[in-house]
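A.B. asks: Given next are the chains, with one letter for each unit.
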Amino acid sequence: MKEFIKRAALVVLPPLLVFVIVLVVWHVLAVRLDVPAYVVPPPGRVLEAAGESGSKLVRATLLTGAAALGGLAISVIVGVIVAFAFSQSRIIQRALYPYAIFLQTVPIVAIAPVIVIWVGQDIRSVVLVAHIVSLFPIITNTTHGLTTVDRSLLELFQIHNASRIQVLLRLRFPNAIPDLMTGIKTSSGLSVIGAIVGEFFAGYSESSQGLGFLIQFWSGQLKTAELFAAIFASTLLGLAIFGATSLIGDSITSRWRD
Amino acid sequence: MVFPRGGVRALAPIDLQLNRGEFAALVGPSGCGKSTLLRLVAGLLEPTAGSLSIENRSSGEVRLSNAHTLSFVFQQAALLPWRHVAGNVSVPLELEGISKSERNARVEEMLRLVGLEDFARALPHRLSGGMQMRVSLARALATQPSVLLLDEPFGALDEITRQRLNEELLRLWGNDGFTALFVTHNVYEAAFLSQRVLVMSKRPGQIVADIAVPFEYPRDSSLRSEPEFARLTGDISRALEVASS
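So the sequence lines, in the order shown, correspond to chains B and L. Each residue of the first sequence is one higher than the last, beginning at 463 in the working numbering. Each residue of the second sequence is one higher than the last, beginning at 4 in the working numbering.
Don't read these hints as lab results, they were simulated from the structure. Please read these numbers as outputs of a predicted model, since none were measured by experiment. One thing to keep in mind: the hints can contain errors.
Said to hold, decoys possible - Some chain B residues flagged as far from chain L (calculated, every beta-carbon gap over 12 Å):
(1) Ile483
(2) Val487
(3) Arg494
(4) Gly506
(5) Leu531
(6) Ile563
(7) Pro569
(8) Arg586
(9) Leu615
(10) Leu618
(11) Ala624
(12) Pro636
(13) Pro640
(14) Thr686
To be verified - Label pairs and their calculated CB-CB ranges:
(15) L/Ser131 <-> B/Leu709: 29 to 35 Å
(16) B/Ala557 <-> L/Ser247: 46 to 52 Å
(17) B/Thr610 <-> L/Arg167: 29 to 35 Å
(18) L/Ser102 <-> B/Val520: 52 to 58 Å
(19) L/Glu25 <-> B/Leu630: 47 to 53 Å
(20) L/His128 <-> B/Val484: 50 to 56 Å
(21) B/Val568 <-> L/Ser131: 32 to 38 Å
A virtual CB, placed ideally from N, CA and C, is assigned to each residue, including glycine.
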């Protein structure tokens, strides 16, 4: 537990320090240069706005976080299954890989409206957008781990007459766990971006408003302080999800290190 | 046996017979096809011409029908880093569908035989190179193979550890009576372990000398300082030199 706290502190403290420095510089500049509050509100004003819209922001952050995590979870499942298929057949890999790259390169803001049309103006669209942007790193990293198994280990399994399934589940998959964790780490930030972009288009109803919705809403009203508060909430959400996946990933893969 | 590897003829025709329970060492210059020959015996490769049989069956057949006839020890310990020591020894037993209770008993016994019973729950990266190799030996012998193939298993270890493991390997061989084919480029190791030393020429490899090692078993470390031992290793070195030129 002590070890865990130490590691958590190492993950959380350095970025927090940078955040504080930025805050101070920002405050000094905003006050000294006398910038209008609707262009750059000083940090104090942002904090105030965050306090006023506190419950709204918390609810939005939780909703967006849930959508991002949902998309990420689906990406882990789908990504691992696709990587399994890739590792078993070069033909399948050749046939599908260009489309995996397509997922990576297509501008998500361009297809998010289409997804909303198809799936509807609710959280399912948001989850799907978060899933699409977070899928690729998981596929590529996991495929790499599944296909770069030590030759001796493959021969060991072959000598003892292992089936394809045994090789996959007892050798290739465990071998790919560290790569899968790397993929999840990379994808965790992307899934938050995806969820927010999804919310730009999905809109939601009065009762369910995510960070993407609030950002759009407040920017339309030129409520810049509130907008900043929402941006910070998004950043904190991204950091939290990235930090959590990093910690989980590192503690799982500690036994793989040699 | 002739085997092309990327268009290169790795092995010249080889005619070799090993007797049941024999300990044979295979020495040769690097790249001569020692490992290729070993992989042919293991059924990991198919010869392009000729045949290979273990107890009158082809090695591929042996592998498919009765896998625990054969085990392989690799150049590196080749352990699964995510499994602790006992889990690693258990791998071939799991693959061969042996029941859990029998597996546990067998793993425990093997770890005791190689002196690692206190490290059953340790992860491989916590062990020294010599201990990792012991785990690898325990894993290979867990299935009680009748043929054990070893591909320069102690090549990466320091001399003292190598000698100790040589003695340990002989002890295990004395217990189990498997047939051993041991590839090495170290003539002292070959002479210390085996009953006959097969010398291979450079590529395309063929067996150019078959030198009998007359020392009685059990052998211990004092053998290494006997004058006859020095004479024999001298003979093997000379044969190896001829084979490499």
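A.B. asks: So which hints don't hold here, by number, going up?
C.D. replies: 9, 10, 11, 12, 13, 19, 20, 21
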